[in-house]
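Chain F: place on chain X using the hints.
Residues per chain are reported as follows:
Number of protein chains: 2
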Amino acid sequence: MEYINNYIEANKDRFLNELFDFIRIPSVSAKPENKQDMYAAAEFLKNKLLEAGVDFAEVNETAGHPVVYAEKMIDPKLPTVMVYGHYDVQPAEPLELWHSKPFEPEVRDGKIWARGADDDKGQLYMQVKAFELMNKTGNLACNIKFMVEGEEEVGSMNLGDYCKANKVKLKSDVIVVSDTTIIANDTPSITTGLRGLSYVQVEVTGPNRDLHSGLYGGAIVNPANALAKMIAKLHDDNYKITIPGFYDDVVEISREERDLMALAPFNLENYKKSLDIDAVKGETGYLPKEHTGIRPCLDVNGMWSGYTGEGAKTILPSKAFAKISMRLVPNQDPEIISRLISEYLTKIAPEGVRVKVEYLHGGNAYVSPVDIAAYKAAEFAMEKTFGKQPIPVRSGGSIPIIALFEKELEVKSILMGFGLESDAIHSPNENYPLFNFYKGIETIPYFFNKFSKTAFV
Amino acid sequence: MEYINNYIEANKDRFLNELFDFIRIPSVSAKPENKQDMYAAAEFLKNKLLEAGVDFAEVNETAGHPVVYAEKMIDPKLPTVMVYGHYDVQPAEPLELWHSKPFEPEVRDGKIWARGADDDKGQLYMQVKAFELMNKTGNLACNIKFMVEGEEEVGSMNLGDYCKANKVKLKSDVIVVSDTTIIANDTPSITTGLRGLSYVQVEVTGPNRDLHSGLYGGAIVNPANALAKMIAKLHDDNYKITIPGFYDDVVEISREERDLMALAPFNLENYKKSLDIDAVKGETGYLPKEHTGIRPCLDVNGMWSGYTGEGAKTILPSKAFAKISMRLVPNQDPEIISRLISEYLTKIAPEGVRVKVEYLHGGNAYVSPVDIAAYKAAEFAMEKTFGKQPIPVRSGGSIPIIALFEKELEVKSILMGFGLESDAIHSPNENYPLFNFYKGIETIPYFFNKFSKTAFV
Numbered sequence: 010m011e012y013i014n015n016y017i018e019a020n021k022d023r024f025l026n027e028l029f030d031f032i033r034i035p036s037v038s039a040k041p042e043n044k045q046d047m048y049a050a051a052e053f054l055k056n057k058l059l060e061a062g063v064d065f066a067e068v069n070e071t072a073g074h075p076v077v078y079a080e081k082m083i084d085p086k087l088p089t090v091m092v093y094g095h096y097d098v099q100p101a102e103p104l105e106l107w108h109s110k111p112f113e114p115e116v117r118d119g120k121i122w123a124r125g126a127d128d129d130k131g132q133l134y135m136q137v138k139a140f141e142l143m144n145k146t147g148n149l150a151c152n153i154k155f156m157v158e159g160e161e162e163v164g165s166m167n168l169g170d171y172c173k174a175n176k177v178k179l180k181s182d183v184i185v186v187s188d189t190t191i192i193a194n195d196t197p198s199i200t201t202g203l204r205g206l207s208y209v210q211v212e213v214t215g216p217n218r219d220l221h222s223g224l225y226g227g228a229i230v231n232p233a234n235a236l237a238k239m240i241a242k243l244h245d246d247n248y249k250i251t252i253p254g255f256y257d258d259v260v261e262i263s264r265e266e267r268d269l270m271a272l273a274p275f276n277l278e279n280y281k282k283s284l285d286i287d288a289v290k291g292e293t294g295y296l297p298k299e300h301t302g303i304r305p306c307l308d309v310n311g312m313w314s315g316y317t318g319e320g321a322k323t324i325l326p327s328k329a330f331a332k333i334s335m336r337l338v339p340n341q342d343p344e345i346i347s348r349l350i351s352e353y354l355t356k357i358a359p360e361g362v363r364v365k366v367e368y369l370h371g372g373n374a375y376v377s378p379v380d381i382a383a384y385k386a387a388e389f390a391m392e393k394t395f396g397k398q399p400i401p402v403r404s405g406g407s408i409p410i411i412a413l414f415e416k417e418l419e420v421k422s423i424l425m426g427f428g429l430e431s432d433a434i435h436s437p438n439e440n441y442p443l444f445n446f447y448k449g450i451e452t453i454p455y456f457f458n459k460f461s462k463t464a465f466v
Numbered sequence: 010m011e012y013i014n015n016y017i018e019a020n021k022d023r024f025l026n027e028l029f030d031f032i033r034i035p036s037v038s039a040k041p042e043n044k045q046d047m048y049a050a051a052e053f054l055k056n057k058l059l060e061a062g063v064d065f066a067e068v069n070e071t072a073g074h075p076v077v078y079a080e081k082m083i084d085p086k087l088p089t090v091m092v093y094g095h096y097d098v099q100p101a102e103p104l105e106l107w108h109s110k111p112f113e114p115e116v117r118d119g120k121i122w123a124r125g126a127d128d129d130k131g132q133l134y135m136q137v138k139a140f141e142l143m144n145k146t147g148n149l150a151c152n153i154k155f156m157v158e159g160e161e162e163v164g165s166m167n168l169g170d171y172c173k174a175n176k177v178k179l180k181s182d183v184i185v186v187s188d189t190t191i192i193a194n195d196t197p198s199i200t201t202g203l204r205g206l207s208y209v210q211v212e213v214t215g216p217n218r219d220l221h222s223g224l225y226g227g228a229i230v231n232p233a234n235a236l237a238k239m240i241a242k243l244h245d246d247n248y249k250i251t252i253p254g255f256y257d258d259v260v261e262i263s264r265e266e267r268d269l270m271a272l273a274p275f276n277l278e279n280y281k282k283s284l285d286i287d288a289v290k291g292e293t294g295y296l297p298k299e300h301t302g303i304r305p306c307l308d309v310n311g312m313w314s315g316y317t318g319e320g321a322k323t324i325l326p327s328k329a330f331a332k333i334s335m336r337l338v339p340n341q342d343p344e345i346i347s348r349l350i351s352e353y354l355t356k357i358a359p360e361g362v363r364v365k366v367e368y369l370h371g372g373n374a375y376v377s378p379v380d381i382a383a384y385k386a387a388e389f390a391m392e393k394t395f396g397k398q399p400i401p402v403r404s405g406g407s408i409p410i411i412a413l414f415e416k417e418l419e420v421k422s423i424l425m426g427f428g429l430e431s432d433a434i435h436s437p438n439e440n441y442p443l444f445n446f447y448k449g450i451e452t453i454p455y456f457f458n459k460f461s462k463t464a465f466v
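Chains as they are written, first to last, in the numbering used here: chain X, 10 to 466; chain F, 10 to 466.
Simulated from the structure, these hints should not be mistaken for lab results. Treat the hints loosely; a few may be bogus.
Note: identical chains are not told apart, hence a pair may lie in one copy or across any two.
Said to hold, decoys possible - Derived lysine-lysine pairs resembling BS3-like cross-links, with alpha carbons at most 25 Å apart: (1) K242 - K393; (2) K290 - K242; (3) K365 - K242; (4) K448 - K86; (5) K448 - K462; (6) K356 - K242; (7) K40 - K416; (8) K462 - K173; (9) K44 - K21.
Only chain X is shown next, with the shape it has when bound in the complex (with noise of 0.2 Å):
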């Protein structure tokens, strides 16, 4: 299909001009003041859409910030796939911490710098790329679909009611999604099980307003020493989660999937050494890919009490909050974790403060079975364009409305991303390399050709 190679050899740096563009709207779904560069990135992405050609593109409003869908139907006799992806993105924050302006992208050292260069604008822009090269060159073998949201990462509130108030328009055969990882460019996977995610923000009241820490210390309840302590409390010295009840639904994995999962390259000295750890510690009795890949955890995502400025204030506080994440495994369900959370944490609170646990979003997990058509043809696309055969694997990660879809639309959904862990989403110094951008694009062609064949078969 050497049609793939000189489209994009043709095209590339015009690619790579209008992720740029893209790029450059601040769409940051947690911020209100973004609420307009919202608009501007759907908006964006529906007249590339259009221009690549789809039959119609639409901007819908929905209670949140608004989805983009298109479609282009071929024929009603071929399958349909939908790709799902977000053009909304992470905060920046802290700023100070990047090499370069963080919605200001560039290239260096073969790679794009910015928020959002992987997580998801590069990898959504890849699809949108893949359908232009298909359709400009005639080489279009299914219908397609796209349905991109713009809270993925606020917690896809709004994407379930969408879904189930657009179940026809919606119909396809498999959703394809870009928004994960690889484990390197020469050693290619799939991702076949995400984690879901409870998360809840917790506020500790104590006096009502904050006190001298000299004419009151010692003698009430300190809010930030408390929720310290609370905190402290939701994991045992083996790194075991200690609320109760938390672990009830968890379905254990066998020794054998286990053992295969074992098979996947780790290298625990480099993994230290990339992050700058002495050690690594987690739940007693797993390996760390463990941990991230079939285990449960919890983890303080922000935490903020008194006086953070310079110097020192002599206060102490009226409130401590702190943001808390738990990572889910099948099975488990984000509803009844935040209220397992909330209820332990009211109980352990010490007398002299007051305690709210508010749920702010989360997902269920999601296993995806690697006998289906539309993995095997995932596994043939990477197959081909990577040299090698991808390696079925299950990532820490979350991508919440992944069990909805199936839920709502009954359908399955392949995890195709192309990422590197390297790649620092939600961190400063965000970056995909442009090799994994056209890899890409050159890769999705093949699947939309195989899974034309084998979809119905």
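Just chain F, lined up with the frame of chain X:
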């Protein structure tokens, strides 16, 4: 001494307006951006002292914020009183909790509302106006010196050197400080004890960058969770501090003295109500007033890590910080204490994170005797103007420099403050009742008169 009330009555509006001008200068010593305001406040004070009639006044440079020095020597045979105070104030944050702007003083409900209204601009300015009153009416009975620093709220780092370098200039028979509280306006008191302070900042570092909490969560040690666990380990369930050696130098107070302290009025229900807390908790075996008066304590003053903005950001933070202050009692050494906490935190830090503890500042505790002429003169003065003998009390706060005065200048300090606990110093909506401001100006001349006659007897 009718001239006292007559002079106050004739000048009360001017006194207040001048204080307001003083307060309007945002002399926040902790903030580098307020450096010029520190000089403006020092110059303001110098000029007001000159107007009040000192022989000379000067703004003396130090390695940090300047010291204002002034004196009026009327007769070398008379005793010399040195007034110590500070023109710097605490940061005003969090600004959104103030009902009026912190640096735009206003009078509501008979109180001055502003940062520094009490601590210490309001209280210091009573001393300045009492001097004016004594001097302009021809009733100054002692020599007087003023030493007013700009670094009290950040640990008086340079006043020790200033005292050492100016021992002759600063020679006096007693130091008078108005920077403390009375129990209530119908229950006058004099502070005879102050706690010491050891203030540290803790930095816990995990991975070299903020990480995606899904891709890494569960496999590596989260520095925010680690910090919480470390803070939790600083107290046991009886609110006793667990740092090895922390209590080694604490001198236990006799049952007899504790029984005397218990005579000071204290209403637990009102105390809880005023703070809106349902329980008070402190070191087992001691009463609330003892917790702040005679026992050391440890409090988180500030704590921060990861994402603290709106909404949910799924990161595993690279770093976590806490500001921790320990209030000390007589015989505890702040630098030894800072070393003990540093060693302990380093020891209990889990594998996988690194800990750095920085000693920000500290000072020794102080206890003043109640049988010396200066204390008796203060007792006499307050009895005259309040109509009741003041109670000697031990405050939980710290004025680290007071212990240093005794060491370097070999002179005792009398803590004749007029504030109320409800003045919310160091908090939003700091205030100072007009009653207390004018009562202070009225009381101070009685002290000077009495001390003039009794100091050398």
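These are the hints, each one checked on the structure:
no. : hint        : result
1   : K242 - K393 : neither (50 Å within a copy, 56 Å between copies)
2   : K290 - K242 : both (17 Å within a copy, 19 Å between copies)
3   : K365 - K242 : both (17 Å within a copy, 23 Å between copies)
4   : K448 - K86  : neither (29 Å within a copy, 94 Å between copies)
5   : K448 - K462 : within (22 Å within a copy, 94 Å between copies)
6   : K356 - K242 : both (11 Å within a copy, 19 Å between copies)
7   : K40 - K416  : neither (29 Å within a copy, 55 Å between copies)
8   : K462 - K173 : neither (29 Å within a copy, 91 Å between copies)
9   : K44 - K21   : neither (31 Å within a copy, 54 Å between copies)
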